[in-house]
Amino acid sequence: MSQTLSSPTKKLILTTLKPNLKALYKSLDTIAAQRIDLVSLADEISIVSKELAAVEISKTTSDLLSAFGDVHQKLRDNIDRVNLQDSLTLSFTIEEYLRIIGSINHVFEARSKIYQSCVSFKQELAKKQTQLEKTNQRNKSQQEKVGSLKFEVDKLQSRVTVTEKLFEQMSETFKEELENFEFERIDDFRNSVEIFIEGSIESQKESIELWETFYERQGLEAVGK
1 MSQTLSSPTK KLILTTLKPN LKALYKSLDT IAAQRIDLVS LADEISIVSK ELAAVEISKT
61 TSDLLSAFGD VHQKLRDNID RVNLQDSLTL SFTIEEYLRI IGSINHVFEA RSKIYQSCVS
121 FKQELAKKQT QLEKTNQRNK SQQEKVGSLK FEVDKLQSRV TVTEKLFEQM SETFKEELEN
181 FEFERIDDFR NSVEIFIEGS IESQKESIEL WETFYERQGL EAVGK
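In full-length UniProt numbering, the protein residues as written are 1 to 225.
If you're looking for bench data, these hints aren't it; they were derived computationally from the structure.
Heads up, some of the hints might be wrong.
Calculated pairs, DSS-like style, for lysine-lysine (alpha carbon to alpha carbon, straight line, at most 30 Å) [as the list claims (entries may be wrong)]:
id	residue 1	residue 2
1	Lys165	Lys113
2	Lys50	Lys26
3	Lys155	Lys134
4	Lys127	Lys18
5	Lys113	Lys175
6	Lys175	Lys122
7	Lys175	Lys22
8	Lys50	Lys74
9	Lys113	Lys22
10	Lys74	Lys59
11	Lys26	Lys59
12	Lys127	Lys175
13	Lys122	Lys134
14	Lys155	Lys128
15	Lys155	Lys145
16	Lys165	Lys128
17	Lys165	Lys11
18	Lys150	Lys134
19	Lys122	Lys155
20	Lys175	Lys11
21	Lys165	Lys150
22	Lys165	Lys175
23	Lys155	Lys113
24	Lys127	Lys145
25	Lys205	Lys26
Using the sequences provided together with the hints, build the complete structure.
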């Protein structure tokens, strides 16, 4: 995406992007939890298989159980590795994006509140100025009332000036936060997704190869078909 996008357009994109990123992160979290369960199960099967192999009912059975345990140990390592890789790539990238979006939204909300305060002060100032003008015209002798109105007008004018300045500062901060998001980093996000998909595919291939090798070495090809 280009940096020439307007701030409102970028804000709209971020507003739409946030729930989608949260949903994706939740899905990844679910996948990670399921993988952890698989790691635990594979580890348990590996341990039990090797313990049974140590009983040495027969050499053939012991070798088969030992090899079966080795396969599950490698499967455990494979799943553990891809889970860690996903955590360090796609999950980390999503967390970073959500933090930045949260920061931008916080600035935007603060900016909106300041804007509303500024509008309110300006409206009140306009009323007081009108009231002061009418009082000056009709009650020139009532200097005390005129002085009081002038004080209120000056106070409101000061508030308007302060809030306008603060609004401008917040607007600059908002723009900076949007720029910090770096929409070009969508390419980085895409790369993280590609790494996630490629890693999952490679993990599946490795698992299949482990089982094919196991069946071949144990002479169980017919069983696997």
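The hints, checked one at a time:
1. Proposed proximity of Lys165 and Lys113 is supported: the alpha carbons are some 14 Å apart, at most 30 Å.
2. Using a Cα cut-off of 30 Å, the hinted pair Lys50 and Lys26 is violated, with the two alpha carbons roughly 36 Å apart.
3. Between Lys155 and Lys134 the CA atoms are separated by roughly 19 Å; this keeps the pair inside 30 Å, and the hint holds.
4. Taken as a hint, the Lys127 and Lys18 pair is broken in the structure, with Cα atoms around 42 Å apart against an allowance of 30 Å.
5. At roughly 17 Å between alpha-carbon atoms, Lys113 and Lys175 fall within 30 Å of each other, so this suggested pair holds.
6. A C-alpha spacing of about 25 Å is found between Lys175 and Lys122, which places the hinted pair at or below 30 Å, so the restraint holds.
7. With a CA separation close to 24 Å, the supplied pair Lys175 and Lys22 stays within the 30 Å bound.
8. A distance of roughly 13 Å separates the Cα atoms of Lys50 and Lys74; the hinted pair therefore holds under the 30 Å criterion.
9. With a C-alpha separation of about 26 Å, the suggested pairing of Lys113 with Lys22 holds against the 30 Å cut-off.
10. A C-alpha spacing of about 22 Å is found between Lys74 and Lys59, which places the hinted pair at or below 30 Å, so the restraint holds.
11. For the proposed pair Lys26 and Lys59, the alpha carbon gap of about 47 Å is over 30 Å, so the pair is violated.
12. Restraint check: the Cα-Cα separation between Lys127 and Lys175 comes to about 33 Å, which exceeds 30 Å; the hinted pair is violated.
13. Distance restraint check for Lys122 and Lys134: the Cα-Cα separation of roughly 18 Å lies within the 30 Å cut-off, and the hinted pair is therefore satisfied.
14. This hinted pair checks out: Lys155 and Lys128 have alpha carbons roughly 11 Å apart, not beyond 30 Å.
15. Distance hint between Lys155 and Lys145 is fulfilled; the C-alpha atoms sit about 15 Å from each other, no more than 30 Å.
16. Our distance criterion of 30 Å between C-alpha atoms is met by Lys165 and Lys128, whose separation comes to about 21 Å.
17. Restraint check for Lys165 and Lys11: satisfied, since their Cα atoms lie roughly 22 Å apart, inside the 30 Å limit.
18. Between Lys150 and Lys134 the CA atoms are separated by roughly 12 Å; this keeps the pair inside 30 Å, and the hint holds.
19. For the suggested pair Lys122 and Lys155, the alpha carbons sit about 11 Å apart, so the restraint of at most 30 Å is met.
20. With a C-alpha separation of about 10 Å, the suggested pair Lys175 and Lys11 falls inside the 30 Å cut-off, and the hint holds.
21. Annotation: proposed proximity of Lys165 to Lys150 holds, straight-line Cα distance about 22 Å (limit 30 Å).
22. Taking the CA atoms of Lys165 and Lys175, the gap is about 16 Å. The hint holds against a cut of 30 Å.
23. Distance check on the hinted pair: Lys155 and Lys113 sit about 20 Å apart at the alpha-carbon level, within 30 Å; holds.
24. Under the criterion of a C-alpha separation no larger than 30 Å, the hint pairing Lys127 with Lys145 is consistent with the structure, at around 15 Å.
25. Proposed proximity of Lys205 and Lys26 is supported: the alpha carbons are some 26 Å apart, at most 30 Å.
Hint compliance for this structure: hints 2, 4, 11 and 12 are not met, and every other hint is.
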